[in-house]
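There are 6 protein chains.
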Amino acid sequence: MNNNERYEKGIEKLMEFTTENDEASTHLKIVEHLKDIAPEVGQYIIEFAYGEIYTRGRLTNQQRALVTIASLVTQGTEPQLELHINTGLTAGLTPEEIVESFVQLIPYTGFPRILNALTVAKKVFSQRGVAVKGEEVHS
Amino acid sequence: MNNNERYEKGIEKLMEFTTENDEASTHLKIVEHLKDIAPEVGQYIIEFAYGEIYTRGRLTNQQRALVTIASLVTQGTEPQLELHINTGLTAGLTPEEIVESFVQLIPYTGFPRILNALTVAKKVFSQRGVAVKGEEVHS
Amino acid sequence: MNNNERYEKGIEKLMEFTTENDEASTHLKIVEHLKDIAPEVGQYIIEFAYGEIYTRGRLTNQQRALVTIASLVTQGTEPQLELHINTGLTAGLTPEEIVESFVQLIPYTGFPRILNALTVAKKVFSQRGVAVKGEEVHS
Amino acid sequence: MNNNERYEKGIEKLMEFTTENDEASTHLKIVEHLKDIAPEVGQYIIEFAYGEIYTRGRLTNQQRALVTIASLVTQGTEPQLELHINTGLTAGLTPEEIVESFVQLIPYTGFPRILNALTVAKKVFSQRGVAVKGEEVHS
Amino acid sequence: MNNNERYEKGIEKLMEFTTENDEASTHLKIVEHLKDIAPEVGQYIIEFAYGEIYTRGRLTNQQRALVTIASLVTQGTEPQLELHINTGLTAGLTPEEIVESFVQLIPYTGFPRILNALTVAKKVFSQRGVAVKGEEVHS
Amino acid sequence: MNNNERYEKGIEKLMEFTTENDEASTHLKIVEHLKDIAPEVGQYIIEFAYGEIYTRGRLTNQQRALVTIASLVTQGTEPQLELHINTGLTAGLTPEEIVESFVQLIPYTGFPRILNALTVAKKVFSQRGVAVKGEEVHS
Numbered sequence: 743m744n745n746n747e748r749y750e751k752g753i754e755k756l757m758e759f760t761t762e763n764d765e766a767s768t769h770l771k772i773v774e775h776l777k778d779i780a781p782e783v784g785q786y787i788i789e790f791a792y793g794e795i796y797t798r799g800r801l802t803n804q805q806r807a808l809v810t811i812a813s814l815v816t817q818g819t820e821p822q823l824e825l826h827i828n829t830g831l832t833a834g835l836t837p838e839e840i841v842e843s844f845v846q847l848i849p850y851t852g853f854p855r856i857l858n859a860l861t862v863a864k865k866v867f868s869q870r871g872v873a874v875k876g877e878e879v880h881s
Numbered sequence: 743m744n745n746n747e748r749y750e751k752g753i754e755k756l757m758e759f760t761t762e763n764d765e766a767s768t769h770l771k772i773v774e775h776l777k778d779i780a781p782e783v784g785q786y787i788i789e790f791a792y793g794e795i796y797t798r799g800r801l802t803n804q805q806r807a808l809v810t811i812a813s814l815v816t817q818g819t820e821p822q823l824e825l826h827i828n829t830g831l832t833a834g835l836t837p838e839e840i841v842e843s844f845v846q847l848i849p850y851t852g853f854p855r856i857l858n859a860l861t862v863a864k865k866v867f868s869q870r871g872v873a874v875k876g877e878e879v880h881s
Numbered sequence: 743m744n745n746n747e748r749y750e751k752g753i754e755k756l757m758e759f760t761t762e763n764d765e766a767s768t769h770l771k772i773v774e775h776l777k778d779i780a781p782e783v784g785q786y787i788i789e790f791a792y793g794e795i796y797t798r799g800r801l802t803n804q805q806r807a808l809v810t811i812a813s814l815v816t817q818g819t820e821p822q823l824e825l826h827i828n829t830g831l832t833a834g835l836t837p838e839e840i841v842e843s844f845v846q847l848i849p850y851t852g853f854p855r856i857l858n859a860l861t862v863a864k865k866v867f868s869q870r871g872v873a874v875k876g877e878e879v880h881s
Numbered sequence: 743m744n745n746n747e748r749y750e751k752g753i754e755k756l757m758e759f760t761t762e763n764d765e766a767s768t769h770l771k772i773v774e775h776l777k778d779i780a781p782e783v784g785q786y787i788i789e790f791a792y793g794e795i796y797t798r799g800r801l802t803n804q805q806r807a808l809v810t811i812a813s814l815v816t817q818g819t820e821p822q823l824e825l826h827i828n829t830g831l832t833a834g835l836t837p838e839e840i841v842e843s844f845v846q847l848i849p850y851t852g853f854p855r856i857l858n859a860l861t862v863a864k865k866v867f868s869q870r871g872v873a874v875k876g877e878e879v880h881s
Numbered sequence: 743m744n745n746n747e748r749y750e751k752g753i754e755k756l757m758e759f760t761t762e763n764d765e766a767s768t769h770l771k772i773v774e775h776l777k778d779i780a781p782e783v784g785q786y787i788i789e790f791a792y793g794e795i796y797t798r799g800r801l802t803n804q805q806r807a808l809v810t811i812a813s814l815v816t817q818g819t820e821p822q823l824e825l826h827i828n829t830g831l832t833a834g835l836t837p838e839e840i841v842e843s844f845v846q847l848i849p850y851t852g853f854p855r856i857l858n859a860l861t862v863a864k865k866v867f868s869q870r871g872v873a874v875k876g877e878e879v880h881s
Numbered sequence: 743m744n745n746n747e748r749y750e751k752g753i754e755k756l757m758e759f760t761t762e763n764d765e766a767s768t769h770l771k772i773v774e775h776l777k778d779i780a781p782e783v784g785q786y787i788i789e790f791a792y793g794e795i796y797t798r799g800r801l802t803n804q805q806r807a808l809v810t811i812a813s814l815v816t817q818g819t820e821p822q823l824e825l826h827i828n829t830g831l832t833a834g835l836t837p838e839e840i841v842e843s844f845v846q847l848i849p850y851t852g853f854p855r856i857l858n859a860l861t862v863a864k865k866v867f868s869q870r871g872v873a874v875k876g877e878e879v880h881s
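Residue numbers (our numbering), protein chains in the order written: chain U, 743 to 881; chain B, 743 to 881; chain G, 743 to 881; chain X, 743 to 881; chain S, 743 to 881; chain W, 743 to 881.
In short, the hints are calculated from the structure, not lab data. Just so we're clear, the structure is a prediction, and the values are computed from it rather than from any experiment. Cβ coordinates follow ideal geometry from the N, Cα and C atoms, glycine included. Be aware that one or more of the hints could be misleading.
The following residues of chain G were derived to be distant from chain W, with all beta-carbon distances above 12 Å [to be verified]:
{"#": "1", "residue": "GLU747"}
{"#": "2", "residue": "HIS775"}
{"#": "3", "residue": "GLU782"}
{"#": "4", "residue": "GLY784"}
{"#": "5", "residue": "THR851"}
{"#": "6", "residue": "ARG855"}
{"#": "7", "residue": "LYS864"}
{"#": "8", "residue": "VAL874"}
Think about it this way: if two alpha-carbon atoms lie no more than 27 Å apart in a straight line, the pair counts; the simulated DSSO-like pairs of lysine-lysine are [to be verified]:
{"#": "9", "chain 1": "W", "residue 1": "LYS755", "chain 2": "X", "residue 2": "LYS875"}
{"#": "10", "chain 1": "S", "residue 1": "LYS777", "chain 2": "X", "residue 2": "LYS751"}
{"#": "11", "chain 1": "U", "residue 1": "LYS865", "chain 2": "G", "residue 2": "LYS875"}
{"#": "12", "chain 1": "B", "residue 1": "LYS875", "chain 2": "U", "residue 2": "LYS755"}
{"#": "13", "chain 1": "B", "residue 1": "LYS875", "chain 2": "U", "residue 2": "LYS751"}
{"#": "14", "chain 1": "W", "residue 1": "LYS751", "chain 2": "X", "residue 2": "LYS875"}
{"#": "15", "chain 1": "G", "residue 1": "LYS875", "chain 2": "S", "residue 2": "LYS751"}
Derived DEER-like restraints, expressed as beta-carbon distance ranges [unchecked claim]:
{"#": "16", "chain 1": "B", "residue 1": "HIS775", "chain 2": "U", "residue 2": "HIS775", "range": "43 to 53 Å"}
{"#": "17", "chain 1": "B", "residue 1": "TYR749", "chain 2": "X", "residue 2": "ARG798", "range": "37 to 47 Å"}
{"#": "18", "chain 1": "B", "residue 1": "TYR749", "chain 2": "W", "residue 2": "THR761", "range": "28 to 38 Å"}
{"#": "19", "chain 1": "G", "residue 1": "TYR749", "chain 2": "U", "residue 2": "GLU750", "range": "47 to 57 Å"}
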């Protein structure tokens, strides 16, 4: 593949993670945001991350989103976590799956990272008008 | 639930992640290993991590294993990664899914963490006699 | 212990770390904050962290607060650091001990983490109307 | 050297990293900011970091700034990154070199840290009225 | 203070953290180990870390050791953790306090860091012939 | 560029960082090592890291090596640090510059990361038969 083809393929894949509306083009906004300072970085995200990595087989879009979210929670890089909770929802993860993946990480990262992640998720869910459905917990 | 019930429930869940043979009782070996120095820590892993967290709904065992592995790769805590590649395989993840989850993390953690994770996976796969099936990649 | 007993015991212990006034119920505010998105996480904090871990023997509340603060400074998880500077003060740590524990970490984490921690402490001390007493340093 | 001499030497070196104007005395503002809570920390930064470390030979000021920036990007400690992009520019690094050092880190830290670093750089460049000169990238 | 005085003061303080026997001079072994490659780093540890930081007031040697250990567990820097479990014991921390400080960190770092820290502690305790005294835990 | 061209370009650039002898083909050994488990990862390192990033302008090979080393020291990913001390030397960094870049990081990461990095450097320098030239330090 030449770079144009990888870019095309990346954009196409990226579209599977973005809605038409508000956050639709968050990634493209990042590309726009980087235009003056490091235009190639936006290009690498589309060509390499989306064009080469996300388009590989073996994992579904939802699995890729879950793995990505788990890494970002662990790193504590919150602006990217916000973006990928959005793309995860668009790719088909439910709010329950996203929150539950945070809960699963409590034994592996401790509570602080998870509390911060939940604050980010709460904001995203509210912006998108989605909610976690209640569930009976142990008693 | 009282502590005994949580412990029972934890052991039961843990068994879904362990085989009968070699690494079968790795977690129980950890409990044994901790006996003289911090017996309660082994107990907390079973009661809290397995008894309370892993037994919750909303995610399959495979999803929980994937999320856990992604966090351990990101942290670079290799002894635990080794254990959870084992439990992930037992819980039903394929070698391909595990390796692919590492590849998915390249754009989010960089290559060093992934290279170290692949070395650990290679060792585990060899011990268990499993292999990643070849796949045509871009050309 | 069943979960109710652990919850009770956790709340009781938590009260030793909270004052009646403003930040009094910060942890309970967290529980409130999590109610809609992940109510069990607030419960785990009280049952597991406070009910099981903090109620163990061998360390005083002040030692537990010091250890916790050192970990949060090292991680750079500032919202939780703010909370635990508050609980540490309520548990009996002096502002001097808290600041000194940051200074002790300079050789182990470098200056950036410590400067950020001092900014958080300055804010908390000001909110609570406490101050670090001056002390002659080397000359 | 006694502490006064180290302090003098540190201030002198620090001046090579600070302009007369706006951000000129950012480090000294930090010293001022710490005065009430931990005056010695400001002193250690000047005596130890600038007086002992930065004044050593073998690396130029620009090389020291580059190494420091690479570490801060990797840690994700953004307030300090902002400061050291400023001091790096004053020490003679070009905006292009700073941005390029971020790009070089993509394979080693992944995109999230780099995107956050670019946001910080964009702010600093705008405040100082400098810009990255465009450059043809691969096509 | 001039550098000689700081060095003297540092060595004196360091002695409070080292026994006469085996691990007695671990820090001095580090200085020896660094002699050919970076002799000043050993000097900075003694002059700055021990001569300036450890000799400050407000915290006891035990508190300093506890704070240091908590940071090293959180970072996962195990060679240094091994050293500081040793110096902590010499400074008067009990094996129980050290292990308990690990347990206290479970809610803040998760289990992996703590399991690795316990493995290091087990090795050190065995080398020094000390043991954690058993204690009834919840039932 | 198509993938073949990027691969070619990557290998060509990689050669500037590798000698003919012992560690000559360390990166290629990595590619070999990954062949059975994740052949594309070796390819991405050459195509993306070397073919796209390292071949950009604005920084010299030495500057790129310095920035990379600083990030790896900060992360504590030692196998990769060992590799990049080797490639840094081949690219023209002196042992003195490498060690000095570690010393520069003491105020930004603390001593533990630097001590571990020095141990790695000592091993690499010894394998390559190079040494840090002595230098008078403050007195």
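- Hints violated by the structure (numbers, ascending): Of the numbered hints given earlier, those the structure breaks are 5, 6, 11, 17, 18, listed in rising order.
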